[in-house]
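Enquirer: Here is what each chain is made of, one letter per residue.
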Amino acid sequence: MFRFVNLALGGVSNGMIYAAVALSLVMIWRSTRIVNFAAGGMLMFTTFIGWDLVQVHNVNYWAALAVATLSGLIIGGVAERVLVRPVETGPPLNPVIVTLGLLIALEALAGMIWGNSQSHSYPPAYDFRGYTAGSHHLFFAPNDLFIVITVAAIVVLLYLLFQRTALGLRMRAAAFNPEVSRLLGVRVGRLLTLGWAVSAAVGAVAGVLAAGTSTGYVQPTGPFDALLVYGFTAAVIGGLDSPAGAVVGGLSLGLLLSWADSYIDNNIEPMYALVILVAVLMVRPNGLFARAAARRV
Amino acid sequence: MLKIDEVVTTYGAVRALNGVSLDVEPATITAVLGANGAGKTTLLRTVNGLVRPRSGRIVYEDHDLTRTPVERVVRLGVAHVPEGRGVITELTVEENLRLGALWRRDRKQMSTSMAEVYELFPPLAERKTKSVDTLSGGERQMLAVGRALMSKPKLLLLDEPSLGLAPRITAQIMATLRTLRDEQQMTVVLVEQNARSALSVADQAIVLNLGRVVASGPAGELAADEKLRHAYLGF
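Here the protein sequences come in this chain order: B and G. The numbering of the first sequence is our numbering, which starts it at 46 and goes up by one. The numbering of the second sequence is our numbering, which starts it at 312 and goes up by one.
Don't read these hints as lab results, they were simulated from the structure. There is no bait here: all hints are sound.
So, partial list: chain G residues that the calculated Cβ filter (under 8 Å) puts toward chain B:
1. 381
2. 386
3. 393
4. 397
5. 399
6. 402
7. 406
8. 409
9. 410
10. 413
Partial selection, computed: residues in chain B whose CB lies under 7 Å from chain G:
11. 214
12. 222
13. 227
Every beta carbon over 12 Å from chain B, so not counted as near; a handful from chain G, in silico:
14. 335
15. 419
16. 430
17. 436
18. 491
19. 532
20. 539
Idealized CB from N, CA, C, for every residue including glycine.
With the hints as extra help, turn the sequences into a complete structure.
Expert: Right under this line is the structure:
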């Protein structure tokens, strides 16, 4: 029983990171109905920027995190404006393919700048040796606590932004009904750019957090592709349309993977994610938090 | 107030509007009548900038609207109540109303406008924090009109406000339009298939058929023209 709880503790921080990636995907899905495969590439690239600052230029961890987040804002906004906007009016598959292309391009670019084969370590924000309870050693460290608090803060901030501010009201309106929003004077185009920027910034934070865990590292492909897959799984479990679902999906996935890794075998982790995904979709085809389609009269 | 001059709007090869002209005086109600596919909705969408005309000119006050994007047209005081109500069902009643006045960036104005809308449509006041999903068709239409009024428009464009509503509610909406014209000097352009109720409040009317104006004049004259009524208005 202790081991079970301890493994759950060990899964929480990873789960929160998946939740953040899932949130980043859900934000874009909600506003544009695009599955943003480039999210993995963007957060890889911004984490590399952070890594370059911290490890190569000896910049402070927090400054590097801030710069990585800011670059996320810029990359996300520019990607929407320059790459996605021109193809958005065409068939719905086109922007999705564009995001796949951007993912590959970013991976190639990162490989050209920072090298493809080496894996680099990223320092954690805090100690990742676990706390102890009596004689027991917990799978939960100060760094995990930091991850949990950071993602929780992101969730709260996003909630306040969307539910409590005029800007958030505009962003929701633009997502739900772009044409009516334009009739009400909402500048929908700008809000889409902003939505992509915020989404990529959330991804950027998730990338830095993931790279700084005990098992994390930085490489153009590999760790961040896996993070994209887990984030996407979490988002789909939650219903793809629901921010709360993204958080619940991410946390559930974190816990389940932690148990499966330890009780079964940790070499086939992506398989578990797939099994969980299929199992959830068999029971709830629209995800856990899908709301019934609104009746439109 | 609004001058539409020989406007042609096309969707691909289809000429939805084929040289439509219309003059609207301030503080009047103009009814735009005609059957399905006559070009009524396209006319409104062309005026407010959702679609661009292929040729012709639209002048509102001193502004040329012909190439003005819809977000700017709204800021000039033109509000549009789209067909099928166009309320955002995922938001609450109050959020829908707030959206109508957000571009003004004026909080005081926002709360006075909201109080006025609630006074005009009491059922909305009872459901402020409810999701629009829970509203009836009539309440949704009230919300759509109320939301347009939130921006204190000088020109109000309405697209088929009577669609799917009970006659009593339609009459209420028409009475509201008359009040807005008489008490707030609002100018209204009303697109309707329900010609009888539209003519009951309108000062002037035009009848569209296949993108052309087939009749225009004071509302009373059109309503009295039996041939026209039988041919285009269906009553």
